[in-house]
Amino acid sequence: MLASLRADLAMARRGYARYAAYPGAALAGIFTNTVFGFMRAFILLALYQQRANIGGYDASAAVTYVWVGQALLMTVFMWGWLDIAVRIRTGDIATDLVRPIHPLRAALGFDLGRAAYHIVFRGIPPFVVGMAFFPVRLPSEIAVWIAFLVSLVLAVVVSFFFRVLYNVVGFWTTDVRGTMMLGGIIANLFSGFLIPVSFFPDWLAAIARATPFPSIVQTPIDIFVGTVSGPAIVGALVTQIAWAIALGLAARWTFDLGVRRLVVQGG
Amino acid sequence: MTMALIEVEGLRKDFTVTRKTGVLRRARAVVHAVDGLTFSVERGEIVGYIGPNGAGKSTTVKMLTGILVPTAGRISVGGLVPTDRRTELARRIGVLFGQRVQLWWDLPLIESFELLRHMYRVGADRYRENLATFRELLELDPFLGTPVRQLSLGQRVRGELTAAMLHDPEILFLDEPTIGLDIVAKQRVREFLLRANREHGVTVLLTTHDLADIERLARRILIIDHGRLIYDGELEALKRRFGPRRVLVVDLVEPAPPLRVDGGEVVRTDGPRQWIAFDGDRITAAALIAAVTAVAAVRDLTLEEPEIESVVREIYAGRARPEAGPIRGS
Amino acid sequence: MGDLREGAALYLRITAARIRAQLQYRASFALETVGMFFVTFLDFVVILIIFANVPALAGWSRAEVALLYAISALCFAFTDLVVGQLDWLSEWVRNGTFDGMLVRPRGTLFQVISSDFQIRRVGKIVQGLLVLVYALVVLDIQWTPARALMLAAAIPVGTVIFISIWVLTISIVFWTVDGREAANAFTYGGSFLAQFPINLYDRWLRRFLGYVVPIAFVAYFPSLYILDKPDPLGLPSILQFAAPVVAVVTAIAAGLVWRVAVRHYQSAGG
Chain F
1 MLASLRADLA MARRGYARYA AYPGAALAGI FTNTVFGFMR AFILLALYQQ
51 RANIGGYDAS AAVTYVWVGQ ALLMTVFMWG WLDIAVRIRT GDIATDLVRP
101 IHPLRAALGF DLGRAAYHIV FRGIPPFVVG MAFFPVRLPS EIAVWIAFLV
151 SLVLAVVVSF FFRVLYNVVG FWTTDVRGTM MLGGIIANLF SGFLIPVSFF
201 PDWLAAIARA TPFPSIVQTP IDIFVGTVSG PAIVGALVTQ IAWAIALGLA
251 ARWTFDLGVR RLVVQGG
Chain G
268 MTMALIEVEG LRKDFTVTRK TGVLRRARAV VHAVDGLTFS VERGEIVGYI
318 GPNGAGKSTT VKMLTGILVP TAGRISVGGL VPTDRRTELA RRIGVLFGQR
368 VQLWWDLPLI ESFELLRHMY RVGADRYREN LATFRELLEL DPFLGTPVRQ
418 LSLGQRVRGE LTAAMLHDPE ILFLDEPTIG LDIVAKQRVR EFLLRANREH
468 GVTVLLTTHD LADIERLARR ILIIDHGRLI YDGELEALKR RFGPRRVLVV
518 DLVEPAPPLR VDGGEVVRTD GPRQWIAFDG DRITAAALIA AVTAVAAVRD
568 LTLEEPEIES VVREIYAGRA RPEAGPIRGS
Chain B
598 MGDLREGAAL YLRITAARIR AQLQYRASFA LETVGMFFVT FLDFVVILII
648 FANVPALAGW SRAEVALLYA ISALCFAFTD LVVGQLDWLS EWVRNGTFDG
698 MLVRPRGTLF QVISSDFQIR RVGKIVQGLL VLVYALVVLD IQWTPARALM
748 LAAAIPVGTV IFISIWVLTI SIVFWTVDGR EAANAFTYGG SFLAQFPINL
798 YDRWLRRFLG YVVPIAFVAY FPSLYILDKP DPLGLPSILQ FAAPVVAVVT
848 AIAAGLVWRV AVRHYQSAGG
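Protein chains in written order, with this note's numbering: chain F, 1 to 267; chain G, 268 to 597; chain B, 598 to 867.
With the rest of the complex left out, here is chain F (with noise of 0.2 angstroms):
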């Protein structure tokens, strides 16, 4: 138990370090991240002309939203993950089933180290660069701030297997690319990166918080907007848990079926 617990933190720390071999890019993405914060501000700031509130979120509510997204969005990194669709097509996957942790496993420390970094390095300079322009609003509760963490890592696990789950068409085709294109246009829509789940029409967003997706970004978000508190908190992390489970499930049974596959026609 102690032991496979060392080796996921030796796994998070090479995914940690992996990133942050690269400082140069680190800085190009906060750069460009920064803007694209400012540009989704004003336009969000905009329909505020008109009204104070709209689906629970006053002004400042809103452009806080959009700096935690911005903070999110390399965090949770949806789209253009390919990393096992990669070893998939190599073949390095077969090096990575004689191990002694199961494949899946290894990778999710990798991606928590991945997702450490990525939150103070990518994340928190441009939400420090919106706080300076913007009325952004922090949490005063301790609590809430806890709450936004635990969040925060069960959003990163829940985008881990959905991320999974496209890579693992690989075993199947040759073509990852095209999966993964409409499963990232589903995820960043129904997710509320783009534009609050709130702010869609009732049917709209009705589909979309039965899907997995609000799970990676729009929950985090609220609870760090305070959209939803108090006990409704709670009620959130317990939904982002059932959809790491079911989504974890998902991707370790497709996972290994196309394990099984490889195996059956020899790679």
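Some hints could be false.
Claimed, not checked - Subject to a maximum C-alpha distance of 20 angstroms in a straight line, what follows is the list of computed SDA-like cross-link-like pairs (lysine to any residue): (1) G/Lys287 with F/Ala20; (2) G/Lys287 with B/Asp775; (3) G/Lys453 with G/Asp408; (4) G/Lys287 with F/Arg13; (5) B/Lys826 with B/Gln837; (6) G/Lys287 with F/Ala17; (7) G/Lys287 with B/Trp772; (8) G/Lys287 with B/Val774; (9) G/Lys453 with G/Glu406; (10) G/Lys287 with F/Phe121; (11) B/Lys826 with B/Pro652; (12) G/Lys287 with F/Tyr19.
Don't read these hints as lab results, they were simulated from the structure.
Dock chains G and B against the given chain F, drawing on the hints supplied.
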């Protein structure tokens, strides 16, 4: 004095590298990748350009082909300063980077050739003639219609070689042309190059780690280390000095202390495996094997020919300075 | 002139070969083209959601923003079709592919652009066209020959502006390959900025990305003219006709910067 086809004088290339010295701290340092090279190559020569990894071989080739601007010194290739007349020079040279793909990844080989014909403005007749020759010599027909990404390494190198020569270049720059190829493929590539040199007078400058490449192709070699030329002369002269030293690798049934055999010297051990160096002029391999099997139980053995790498390593380690080696040029 | 025609012929030849190769994989091609369609359509969905909450945005109606969006999206779609492969430049510099281009007898920009044409990107053009049709049907435009000409010219002119910005900003990779993502702020960021009326942005952001990086000339000024809409910013109306000049200037700047950048790479890189 007439000008040689390739003339290099006092060539230098510095790179600025930044090194991580702390969490956020970085130190900048200047590295002299190429440090005062002077040599020339006459039309029709085949020259092997060798040295350990990081010695500056690729950097030199990049400067000769117009990819990089030298920090100092003078280059003339076919009478042109490479980076100033890049596109003009490109028409007259052929370049092959062994492991990198120059062809269109997802196009059938034949389509890549077609496109290159237009890119280099090769006349239709010349193209047809050249392609026919290469198809025969390099046996391209079985995979002409295959997308490049589906080719084996050997097939791809043959394709790249054709691509580098469709426009009848005067000079071929080859960076590790046979790396990763099997023996048959290597042989085919070498014969092709010899023929191009013999029949069309193509001048060849190749970097390689494979002594056999040099042995079959080049009469003359340049050895570079730390950006400096340390040998320029006949291959034969160099081989006479270092060539006889060969190595017998024996796998013993059980690990043992270094074997003592007449005429051989154990230079390395690793578990049950021992490397025994011997001088081919003094003792034959057969005699040495007999001597070894007389003193130990042997499971397996292989004979290693001296590699240019180890020759270079020995030269550099100072165990054998080629001080007598004629440095030509100037 | 002859060189130009010959270059164009070679470009078409390479592109045709690439299209043939990509059509070999029909299923992937179809899926990715549809994907491209929806990726960009998502931007318009966001606009629709915004207008489900408010009747106007910074003085622009839904249909007016749709026109603005369609022009921007079409310019960007054509830009992506022609030079989208510039996204790979940092990778090509890193792995030596770019070095290979330096030993061929053609311009490097020509080779980079012609090397990886992706037919699936037409999905984005289809999306832009559909939104344009929607905007033109819903809007009550008083058509004159001049307005029709403005619309017809806006697409190629805006495309040249976007392409120039793309070439100009991606040149950063010749100094630092890790800097690649900074270019996104101007390329993808520029197209995002142009999808909304620029009068909603704060003054200095508007000045920098709108006029210095001349994104405002892609869709904002042409739309004002076509809609016969008074400029909320009260800028001189001559600016509505300035886009072609701006396009030529940015194109020249892009060409120069590219040359300087490649030369820098040849001196320092390797």
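Hint check:
no., hint, result
1, G/Lys287 with F/Ala20, "holds, 12 angstroms"
2, G/Lys287 with B/Asp775, "holds, 15 angstroms"
3, G/Lys453 with G/Asp408, "holds, 18 angstroms"
4, G/Lys287 with F/Arg13, "holds, 19 angstroms"
5, B/Lys826 with B/Gln837, "holds, 11 angstroms"
6, G/Lys287 with F/Ala17, "holds, 14 angstroms"
7, G/Lys287 with B/Trp772, "holds, 18 angstroms"
8, G/Lys287 with B/Val774, "holds, 17 angstroms"
9, G/Lys453 with G/Glu406, "holds, 13 angstroms"
10, G/Lys287 with F/Phe121, "holds, 18 angstroms"
11, B/Lys826 with B/Pro652, "holds, 17 angstroms"
12, G/Lys287 with F/Tyr19, "holds, 15 angstroms"
In summary, the structure agrees with every hint in the numbered list given earlier.
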